[in-house]
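The lines below spell out each chain.
4 protein chains.
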Amino acid sequence: MDKITGLIDAPFTPFYENGEVNYGPIGKYASMLKKNGLKGVFINGSSGEGYMLTEDERMKLAEAWMAAAPEGFKVIVHVGSCCVKSSKMLAEHAEKIGAWGIGAMAPPFPKIGRIEELVKYIEEIAVGAPRLPFYYYHIPAFNGAYLPMVELLEAVDGRVPNFAGIKYTYESIYEYNQCRLYKNGKYDMLHGQDETILSSLAMGGARGGIGGTTNYNGRELVGIIEAWQAGDIETAREKQNFAQDVINVICHYRGNIVAGKRIMKLIGLDLGKNRTPFRNMTQDEEDAMKRELEAIHFFERCNKF
Amino acid sequence: MDKITGLIDAPFTPFYENGEVNYGPIGKYASMLKKNGLKGVFINGSSGEGYMLTEDERMKLAEAWMAAAPEGFKVIVHVGSCCVKSSKMLAEHAEKIGAWGIGAMAPPFPKIGRIEELVKYIEEIAVGAPRLPFYYYHIPAFNGAYLPMVELLEAVDGRVPNFAGIKYTYESIYEYNQCRLYKNGKYDMLHGQDETILSSLAMGGARGGIGGTTNYNGRELVGIIEAWQAGDIETAREKQNFAQDVINVICHYRGNIVAGKRIMKLIGLDLGKNRTPFRNMTQDEEDAMKRELEAIHFFERCNKF
Amino acid sequence: MDKITGLIDAPFTPFYENGEVNYGPIGKYASMLKKNGLKGVFINGSSGEGYMLTEDERMKLAEAWMAAAPEGFKVIVHVGSCCVKSSKMLAEHAEKIGAWGIGAMAPPFPKIGRIEELVKYIEEIAVGAPRLPFYYYHIPAFNGAYLPMVELLEAVDGRVPNFAGIKYTYESIYEYNQCRLYKNGKYDMLHGQDETILSSLAMGGARGGIGGTTNYNGRELVGIIEAWQAGDIETAREKQNFAQDVINVICHYRGNIVAGKRIMKLIGLDLGKNRTPFRNMTQDEEDAMKRELEAIHFFERCNKF
Amino acid sequence: MDKITGLIDAPFTPFYENGEVNYGPIGKYASMLKKNGLKGVFINGSSGEGYMLTEDERMKLAEAWMAAAPEGFKVIVHVGSCCVKSSKMLAEHAEKIGAWGIGAMAPPFPKIGRIEELVKYIEEIAVGAPRLPFYYYHIPAFNGAYLPMVELLEAVDGRVPNFAGIKYTYESIYEYNQCRLYKNGKYDMLHGQDETILSSLAMGGARGGIGGTTNYNGRELVGIIEAWQAGDIETAREKQNFAQDVINVICHYRGNIVAGKRIMKLIGLDLGKNRTPFRNMTQDEEDAMKRELEAIHFFERCNKF
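Chains as they are written, first to last, in this note's numbering: chain U, 1 to 305; chain F, 1 to 305; chain G, 1 to 305; chain C, 1 to 305.
Keep in mind that the hints were calculated from the coordinates and are not lab data.
Do not rely on the hints blindly, as some may be mistaken.
Copies of the same chain are indistinguishable here, so a pair counts whether it falls within one copy or spans any two.
Below, a list of computed lysine-lysine pairs in the DSSO-like style, where the Cα atoms sit at most 30 angstroms apart [stated by the list, open to error]: (1) K111 - K265; (2) K60 - K74; (3) K60 - K290; (4) K85 - K28; (5) K96 - K120; (6) K39 - K265; (7) K34 - K120; (8) K120 - K290; (9) K273 - K88; (10) K186 - K265; (11) K85 - K60.
In isolation and in its complexed conformation, chain U is listed as follows (with noise of 0.2 angstroms):
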């Protein structure tokens, strides 16, 4: 299979204030992701609160972002949930409405405790979709599932075909690298976490990961694999150094979900609160945030429209 190259978007979900989800924004969304050098998007994961979806929401917003998504920009559908059942007809419903593919993060309940287990649960939502290339999403912060990775490949290599690779959400570049050397790079692995991809590239090669602060910061992120490709280690380290004063910001607030999806409105594009249980944003922590951002020079840097 082909191997994903550049970064891909982790987008929010528009609410309106009524808490429904609002379509409206997408297409603006999409383009300006597309413009600041991103080259997709993963929906309904855990920036876009897919957990918190209902399945129709989730169906209605996977065909949303395949309306907007422009000429060659990739969606991948999240569909991972609790009930395996419903992920192999999210799975169904992303081949049949032409996504680019497919991915899901082990069930937080019940708590995956072996290899057999995860397994099996990919088996059954990916051959709900077997034309489409399927991610498997490791955040064990997330979900309790702290499992070795590269264990995770040599079960489904032959078992899963249309396994593709990993959406890395976890602090081991060791793993990472020990999984990327997997058969030779047989596997696509997507590093996820925006702190950190200079070391991606400089330990494991790395070629294309998933980010979440793309959604703001996605000029600057696309900036660091670009330095580095031009060996230009020093821009590469001042933007990975901006990106984590950016992620030093948002950890004040609660983190992406809740701090990252407010800084959308600081840049132009309201995307309306999170669902309970996250805590949204008081006005004055907005204005706090807001003001720590301008002292790092944030909204000269950010994505633009």
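Let chain U serve as the given structure and place chains F, G and C on it in line with the hints.
Chains F, G and C only, in chain U's frame:
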């Protein structure tokens, strides 16, 4: 609000061999539970694989249990999910079909880290069934919500009018007792660990609970309460020790959801498999478990039809 | 081996203002404990900051307690440490000075991950005091040794001749009971959580325990056992609830090691500070704690000199 | 303060068959390390089983390393323990015998939960050796001290005059980089994971580190730094991948403390066993490990005498 006395059962969900829900056995199931002394059911919870079911399946199961419930047999519907919008809808449905009450555990994702988040989650669901008592299902081993329950009672008191109490499935009999003492027993504290019912009776003066092994060992578990109330501590202990013997066995085969469900087949009510990612027992495991159960004379003391 | 009946106290270690151990108060301390119904002491354990003491200090404390112990008052010396060689030496010393018994918790580093490791650790220590009963101190919250205790009993049985039982400081009254049932009560199961003594009496038929809040609340805790044995469940419950009231207070001030030690000053036996890294209470905190204790009429029911 | 450049080794502690410390091999050990490019040693740390040694053994080992250290070879003494009084005494001893520096990890018991507790612990130790640089050894997997390291730097800055930096043995290269950026590199950030040296060089501009597998694979690890500095990223990656191959092998046999120590025997420096509760490798395990190492041509690239 009235408090529950006696034991409520958390039933398993029957599946066909092809993995679809089998609503057929529910009538027989309800009668059997009633006959063995259970006072009602807490459906679509962890024993019932509620999180592994689609919204539609959950509603149909609730309807099937309502149709099957004998006179005076309480049907409490677990409506918790990662999507609060879906949970509220399930609450509305439960009230519409005449369920006795509703309940919800904390969502496993996003992980609840603060009482404030949990209260908001509860509030948005409970409002969907304003005339039904709402029970919070505290089972932090399943969702990571290790929060102080006395603080939860303080937070819901005066804010969530139909909050009735807690199904307490956690080891701290200290905290259980503190909750029971809150405002002289304002809230209903349903003990939720069959291995320590006697403990809740002695320490906390418990009057009711919700069991998982009551599905097949309900007579003995009901007997613990009866013996205690009759002042017969020796009989209560013997039955509690027997209940632990049974639980020791299921712990050898991945616990109640997997092994307990299989015991139902052994006592005459085949409920089929578990959904992925649960690992179903092999025939060899079933045979071995049967021998272990015979060794403790389980089949002489188990629930009868 | 004989089993312990009644409650053993885990005493605090007195310090001078300059941080050195103060052996002075031990005589008065021992007399007071005896007078209030305690049957002995478990010294140099967690309440005694044993791990925060030098080898030399631990031996001198053992000698001081031996010198102070009234007739028939048991002195059990906790000899556990990260260095098994040091622990064995402390065991030899305990036997040499005539201590009644020894004990050790699992070392916090390296973290014990297997029963086999724990048994070897116990074995190498216990052999240093072959004529004394050895108690394993199970307190996994302090050292991460979340191991199955029935398996420990199976592993030491026939291998560690002087293994006497377990000081069980963990919430699973289920496991506690299973250990008690092992070979019809072969090993001595000392309950180790003052907040749930009644639970161990009802469920497990416990006869003894080791307390930390017995230092200042021993009369009431002894009273729980007496009331239970007299068949007076209401009095037992009232005293247990009072014990929980007291524990609620110390939990507001960093628990027994810090707050409990300060209570000793308030009842007339100033034992000084805790060693770093414990954070000692401020005067304001002490004042606030005193008010909380007065509100529950603690000073009318506490230990007397 | 000057920063460390190059790699410092964390040596194992030699034991006789009877379990006593064997000071004999230290001279040969030090020469070998120097010859293979190491710049010094960090003794009595986790690789050296420092916590499993008596105070007396720790001091004698420090003296033996001082006597053996070649010209310009740094001896840093790990003095951390659960007893801050003992640690301070070890710090005084280290300064007295002319050690180059000292270090301490957070105590595993009591578990440190706040920066304030950690700073006080560090302060009381560091004052024992006021003329030596103090390194905090951050290895939370061993002691549960998952604390934010930038906050530690802020807290010690201006308060602990001889605080020099952090030996950072944790996976967050993001946090590592943030620490390095603190006040333009005020503190020395020693990378402490041999599997990701390249990552620290690329992301953080690291100049030095402390290794555990440097004991036997030091030439290749030093080679990563040299290749990076020469701009030869391909060689750096090849050597880093080889280092991961070696680490993959030791992970099959309980890690560096157990398996790494046994490798020393295989390359010609038998250091004996580990202390209980470590489980020593069997002969079969040793043979199997040797075959795995041969398969990756380890013995052609390992450290030489």
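**Item:** Those earlier numbered hints the structure runs against, lowest number first
**Value:** Hints 3, 7, 10 not satisfied by this model.
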